[in-house]
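Q: Counting with mature numbering (1 follows the signal peptide of the UniProt record, and there is no 0), you get residues -26 to -1, 1 to 244 for the letters of the sequence shown.
Since the hints were derived computationally from the structure, they do not count as laboratory data.
In this text, a Cβ means the ideal position worked out from N, Cα and C, and glycines have one as well.
Where hints are given, some of them may not hold.
To be verified - Derived pair list, reagent style DMTMM-like, types lysine to aspartate or glutamate, alpha-carbon separation capped at 25 Å:
id : residue 1 : residue 2
1  : K15       : E107
2  : K69       : D122
3  : K69       : D7
4  : K121      : D98
5  : K69       : E112
6  : K86       : E57
7  : K121      : E27
8  : K50       : D67
9  : K69       : E92
10 : K15       : E92
11 : K174      : E184
12 : K174      : D185
13 : K69       : E120
14 : K15       : E78
15 : K121      : D139
16 : K15       : D64
17 : K121      : E57
18 : K69       : E8
19 : K86       : E120
20 : K36       : E54
21 : K15       : D102
22 : K50       : E92
Said to hold, decoys possible - Each pair of labels, with its calculated beta carbon distance range:
id : residue 1 : residue 2 : range
23 : S108      : T61       : 27 to 33 Å
24 : G147      : A183      : 50 to 56 Å
25 : T144      : E112      : 48 to 54 Å
26 : T61       : Q31       : 18 to 24 Å
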Amino acid sequence: MKRIRAIFSILACVLVMCFGATAVFAEAVNLEDENLQVIMKNTAAALQQYSAESALQQYNDKEESMRDTGIAPCLKFWSENGETIGTLQDAFDFKSTRTGVTIECTVTLLYKNESGSETKVRMDGTIDNSDPESPMWEVLSMTTTEKDGVAVGEDSKGMGEKLADAGLNTLMGMGTVFIILILISGIIALLKFVPMLVNKVSGMWRKKAEDEIEDTEIPQPMAELPAGELADDLELVAVITAAIAASQETSADGLVVRSIRRKSNKWKRA
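Modelling step: build the complete structure from the supplied sequences, incorporating the hints.
A: This is the structure we're talking about:
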């Protein structure tokens, strides 16, 4: 009887161990999307226990080679944005991609602060399931994607701010046009002084040319010979006439002495 009881006890222990091992194994490898989304949401919720200063301190305390692993990217994001985005409200739009033993996950987190401003943050993470008994969870990044319904990187100004900017741009454009028109009007008004300036410059050159002409020496006309010199010339003519008549043995009455006019040689110069 004791042997039978011992056998049943051993069988019961074996069954318990098998079922227990099966449950643990199933829990280790059964990483469904719902469970993964809960893990990511709990990771984001755990950040709210940190202040911006303490999150930054935790991040700086890690070795430089470890600042991109584990939850270090979460700490850095929270130190920069935790005081403005508010508290976690929900986690949705979960997506996962499974490649071998690696699971890449993405989820959108919704935060809301005291003023009612809502912020959407994207969390990217990965799970290494190479060891089914202890999968390794790591956050790759946390990035703000939307604020108050406006995607980050797009124009987040309200309608009033846009209208104010448009009005300011219009005023600046009109002011620029008026300034250009004033400058053009001034230039046109100055054009009437151009003829006066031209006449003044022309007068200066004309006066200078006249002064140069006045400074040029004008040749004086040849002075007339005195009457005494003319009488001497007549006597010289009479002497020449008598000499010619004597040499030809003729009468001097038929000889006429005329003056010789020198022919101009201007044509040679031309």
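Q: List in ascending order the numbers of the hints, as given earlier, that are violated by the structure.
A: Checked against the structure, no hint fails, so every one of them is satisfied.
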